[in-house]
Every structure is written in structure tokens, then in C-alpha cells.
Amino acid sequence: MQAEPKKSLVGEEYEVEIGPVAHGGHCIARTDEGQVLFVRHALPGEKVVARVTDGEEGARFLRADAVTVIEASKDRVEAPCPYAGPGRCGGCDWQHAKPGAQRRLKGEVIAEQLQRLAGLTPEEAGWDGTVMPAEGDKLPAGEVPQWRTRVQYAVDPDTGKAGLRRHRSHEVEPVEHCMIAAPGVSELGIEKRDWTGMESIEAIAATGSQDRQVILTPRPGARLPLVELDKPVSVLRVDEKDGGIHRVHGRGFVRERADGRTHRVGSGGFWQVHPQAADTLVKAVMQGLLPRKGEMALDLYCGVGLFAGAIADRIGDQGAVLGIESGKRAVEDARHNLAAFDRVRIEQGKVESVLPRTGITEVDLIVLDPPRAGAGKKTVEHLASLGARRIAYVACDPAALARDLAYFRDSGYKVRTLRAFDLFPMTHHVECVAILEPVKKDA
Numbered sequence: 014m015q016a017e018p019k020k021s022l023v024g025e026e027y028e029v030e031i032g033p034v035a036h037g038g039h040c041i042a043r044t045d046e047g048q049v050l051f052v053r054h055a056l057p058g059e060k061v062v063a064r065v066t067d068g069e070e071g072a073r074f075l076r077a078d079a080v081t082v083i084e085a086s087k088d089r090v091e092a093p094c095p096y097a098g099p100g101r102c103g104g105c106d107w108q109h110a111k112p113g114a115q116r117r118l119k120g121e122v123i124a125e126q127l128q129r130l131a132g133l134t135p136e137e138a139g140w141d142g143t144v145m146p147a148e149g150d151k152l153p154a155g156e157v158p159q160w161r162t163r164v165q166y167a168v169d170p171d172t173g174k175a176g177l178r179r180h181r182s183h184e185v186e187p188v189e190h191c192m193i194a195a196p197g198v199s200e201l202g203i204e205k206r207d208w209t210g211m212e213s214i215e216a217i218a219a220t221g222s223q224d225r226q227v228i229l230t231p232r233p234g235a236r237l238p239l240v241e242l243d244k245p246v247s248v249l250r251v252d253e254k255d256g257g258i259h260r261v262h263g264r265g266f267v268r269e270r271a272d273g274r275t276h277r278v279g280s281g282g283f284w285q286v287h288p289q290a291a292d293t294l295v296k297a298v299m300q301g302l303l304p305r306k307g308e309m310a311l312d313l314y315c316g317v318g319l320f321a322g323a324i325a326d327r328i329g330d331q332g333a334v335l336g337i338e339s340g341k342r343a344v345e346d347a348r349h350n351l352a353a354f355d356r357v358r359i360e361q362g363k364v365e366s367v368l369p370r371t372g373i374t375e376v377d378l379i380v381l382d383p384p385r386a387g388a389g390k391k392t393v394e395h396l397a398s399l400g401a402r403r404i405a406y407v408a409c410d411p412a413a414l415a416r417d418l419a420y421f422r423d424s425g426y427k428v429r430t431l432r433a434f435d436l437f438p439m440t441h442h443v444e445c446v447a448i449l450e451p452v453k454k455d456a
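Going by our numbering, the sequence shown opens with residue 14, and the numbers climb by one from there.
Be aware that a few hints might be false.
[Claimed, not checked] Capping the alpha-carbon separation at 16 Å, the derived lysine to aspartate or glutamate pairs in EDC-like fashion look like this: (1) Lys254 with Glu212; (2) Lys205 with Asp150; (3) Lys453 with Asp410; (4) Lys60 with Glu28; (5) Lys254 with Asp243; (6) Lys60 with Asp45.
It is worth saying that the hints were derived from the structure and are not from the lab.
Whenever a hint applies, use it, and build me the whole structure from the sequences.
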């Protein structure tokens with residue numbers, strides 16, 4: 014006999030005490046029946062009415078929104094964005110928290126992940142427990158950083174208006190303006206246009222140049238609209254058959270400025286979204302590695318060559334850098350961006366496949382900036398075998414970072430310092446830079 018389907022609890026409400034923050038932009042609470050609630054729009058220590066948004070009877074975990082605040086935290090503020098709140102835009106997680114509280118919450122998540130997955134206290138990780146804002150984000154109370162230089166708009170199929178996705182939903186929240194969008198994005202006027210036939214529009218405003226770009230994803234069979242925006246812009250489209258990105262008019266790339274150099278970033282290529290992120294991370298990595306003239310370095314998951322160029326600048330003509338990147342277009346851009354450095358080589362492919370084929374058995378420095386899933390045990394073990402005097406690990410996910418730090422520890426490396434940066438204000442995302450060094454063997 015088929016088991017009867019379990020009753021959905023969506024819409025059920027519970028009065029709960031909010032516990033600690035959890036990884037992912039929510040806090041933890043428990044129902045009287047012992048089910049764990051992951052509650053958005055709440056803060057630790059509050060008493061709220063939580064309405065279930067996902068889950069069924071008997072499930073260990075439920076998702077919920079705080080729809081009524083009975084006892085508020087001192088860190089709570091009224092969300093500055095009119096589109097924030099339960100059931101609304103899913104782009105931000107912490108609009109209802111003071112900026113300092115947002116950073117403390119991110120710090121608590123990092124500390125919890127380090128302890129749970131790597132067995133490290135902040136002190137053992139060389140971390141002072143703080144999450145630092147970008148310099149330009151230190152604003153007077155009530156002002157919101159306009160930091161997002163890339164915004165992915167969704168298009169309402171019924172109205173043709175651009176908006177933003179609701180949390181964990183395909184539904185579109187119509188918006189007239191995104192508060193955290195960088196001025197170069199807002200000035201395009203995306204929200205004012207009719208985008209009938211389009212599924213999404215990605216808007217990009219480069220840092221350090223006037224380059225702007227929109228990437229259109231049409232619905233099947235739809236024709237591209239005539240794109241007339243408030244500022245000059247290059248237009249690209251996503252091919253519905255192969256997913257490739259093709260130029261319609263203008264440049265197929267934008268020019269991003271960081272560490273005193275201009276970087277070409279092609280369509281679909283990765284670049285940090287916060288305008289100060291690239292410089293902030295390069296500075297942290299270089300301060301941690303302290304490159305010396307003539308050293309040999311690896312830049313893994315190197316993208317368009319941001320860190321490879323920074324290292325090459327500092328190690329001089331007698332040094333050498335090998336970058337490895339899987340994306341074909343990113344490799345082309347990296348080779349273009351680093352053409353002035355004779356002793357920099359960029360190889361295309363997955364790190365775990367390419368690195369063993371190089372025959373490299375020893376290096377001085379390693380920087381790795383892996384995707385959200387992390388580098389993984391096998392890659393970490395290979396890197397540790399190369400005997401680098403320092404390794405810089407740039408991470409956008411605290412859980413993946415903690416797992417990989419545990420693998421490094423098991424392979425003979427320890428964390429020298431860890432720094433955390435709030436390069437995604439109003440969201441739960443946080444960027445970390447960990448500097449590792451070999452554990453000294455007893456004589």
C-alpha cells in the first residue's frame with residue numbers, strides 16, 4: 014500500500030523564541046513538538062510569530078518567516094527597502110538588522126562553522142572575530158551602501174516588467190529601484206522599460222571604467238527587443254539552444270580596474286560584485302603571502318588573473334606564476350590581462366586534472382579562490398605536498414572554508430591568520446581570506 018502523503022504545514026503559525034543565527038540568512042527556533050524552524054526576518058533573542066513557508070508534518074526541519082515581532086531585538090531596525098520582508102524580494106537577508114549587527118551575525122556564522130567543521134576556535138584560526146566593512150560602506154545611520162555592480166533582474170511574464178525573485182521562488186517581485194544596486198546599474202533605468210518576451214536581464218556596471226553591459230535571456234521563440242536605456246550600454250544575449258552568450262552590439266567585455274591594472278572581463282566571466290572587493294582581497298592576500306623576488310607561485314581557480322597579476326608584479330622578472338582556470342573565456346581574458354608578464358602562464362582545465370599534469374613538485378606560494386563548494390580533500394592534499402611557505406585561501410562560503418582548513422590541518426598546515434570582510438551588505442554572504450603555513454616539525 015502506498016503511504017498517505019504527509020500533511021503540508023505551509024501557512025501554519027508558531028509563537029517561538031528565536032535562537033542563534035544559522036548559515037544561510039536565517040535563525041534557529043523550535044516548535045513545541047521539537048521541530049527545528051529556520052526563520053527568516055528574525056534576530057536572535059526575539060519572540061516572534063513564525064509562519065511556515067516550507068515543510069510537512071513529521072519533518073525534522075521547517076522553513077518559516079517571522080510575520081509578527083512580539084519582542085524585538087535592540088539590533089532590529091525598520092527595513093529601509095520597501096520590497097523587503099516576508100514573501101517579498103529574496104535578494105537581501107538582513108535589511109531588518111543594524112549594519113553592525115549584520116556583521117556580528119556573519120562573524121557568529123564563521124565562528125560556528127570553524128568550530129563545527131574544523132575544530133578551530135577564532136584564536137586558533139588567528140582571527141579576531143570581527144567582520145570588516147569595505148571602506149566606502151562606513152556610512153551614516155540610515156544610509157544604504159550601493160554596492161551591487163551586477164544585478165540579475167527577472168521579468169514578470171504577464172506584465173513584461175523587470176523585478177527581483179522572491180525568496181526560494183520563481184515569482185517576480187516588481188521593483189522600481191533596487192537600493193543596493195550601484196549607481197552605474199540604477200542609471201540604466203532597467204525597471205522602467207518593457208521587457209516582454211525576456212526571461213531575465215543581467216545588468217553590469219564596471220568599476221574604474223564607464224563600461225556598462227546588459228545580458229538578455231529571451232524566452233523560447235521570443236525576439237530581442239530594441240534596447241534603449243538611459244546610458245550607453247553593450248548588449249549581449251544568451252542563446253536558448255546552447256546557453257552561450259553572444260554579442261548583439263557594443264563590446265563583448267567590460268573593463269574592471271583593480272590593484273593598479275585594468276582587467277578585461279568577458280561575458281559570463283567572474284568578477285567580484287562589490288566595487289571595492291577586488292582591491293580589498295588583493296591587499297589581504299598580498300599582506301598574508303608577502304611575495305619575495307624570484308618566487309614561484311600558483312594561482313588556482315584564477316579567473317581573469319586578478320591574483321596572478323598582483324603576485325607577478327611583486328615577484329619580479331625572476332619569479333614565475335602558473336594560473337589554472339576551467340572557463341575558456343576566462344582563460345582568454347587572463348592571458349590578455351597578463352600578456353605583459355613573460356613568466357606568467359595560464360592553463361585551462363579543472364585544478365584537480367591540470368595540476369598533476371604540470372609535473373610541479375615544489376612551489377613557494379599558492380593562492381586559491383575556489384567555487385562555493387570549496388577545493389576538496391584530494392586537491393588540498395596535493396597542494397600541501399608542494400611545500401609552499403604560505404598559502405592564501407579566498408573563500409565565499411564559511412562552511413567550505415572550514416572543511417578545507419580541516420583537510421589542510423590533516424596535511425601538515427596550520428592557519429596563520431584569518432580575515433573576514435563584509436563585501437555583501439544586507440545579505441548573509443561574507444568573504445574570508447585565510448593564510449596558512451606549514452606546521453614546524455619538532456627537531
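Verification of the supplied hints:
Distance restraint check for Lys254 and Glu212: the Cα-Cα separation of roughly 14 Å lies within the 16 Å cut-off, and the hinted pair is therefore satisfied. Distance restraint check for Lys205 and Asp150: the Cα-Cα separation of roughly 27 Å exceeds the 16 Å cut-off, and the hinted pair is therefore not satisfied. Simply put, Lys453 and Asp410 have alpha-carbon atoms about 28 Å apart, too far for the 16 Å limit, and the pair is violated. Straight-line distance between C-alpha atoms of Lys60 and Glu28 comes to about 7 Å, which keeps the hinted pair within the 16 Å bound.
Distance check on the hinted pair: Lys254 and Asp243 sit about 30 Å apart at the alpha-carbon level, beyond 16 Å; violated. Among the hinted pairs, Lys60 with Asp45 is consistent with the structure: their alpha-carbon atoms are about 14 Å apart, no more than 16 Å.
Checked against the numbered hints given earlier, the structure breaks hints 2, 3, 5 and satisfies all the rest.
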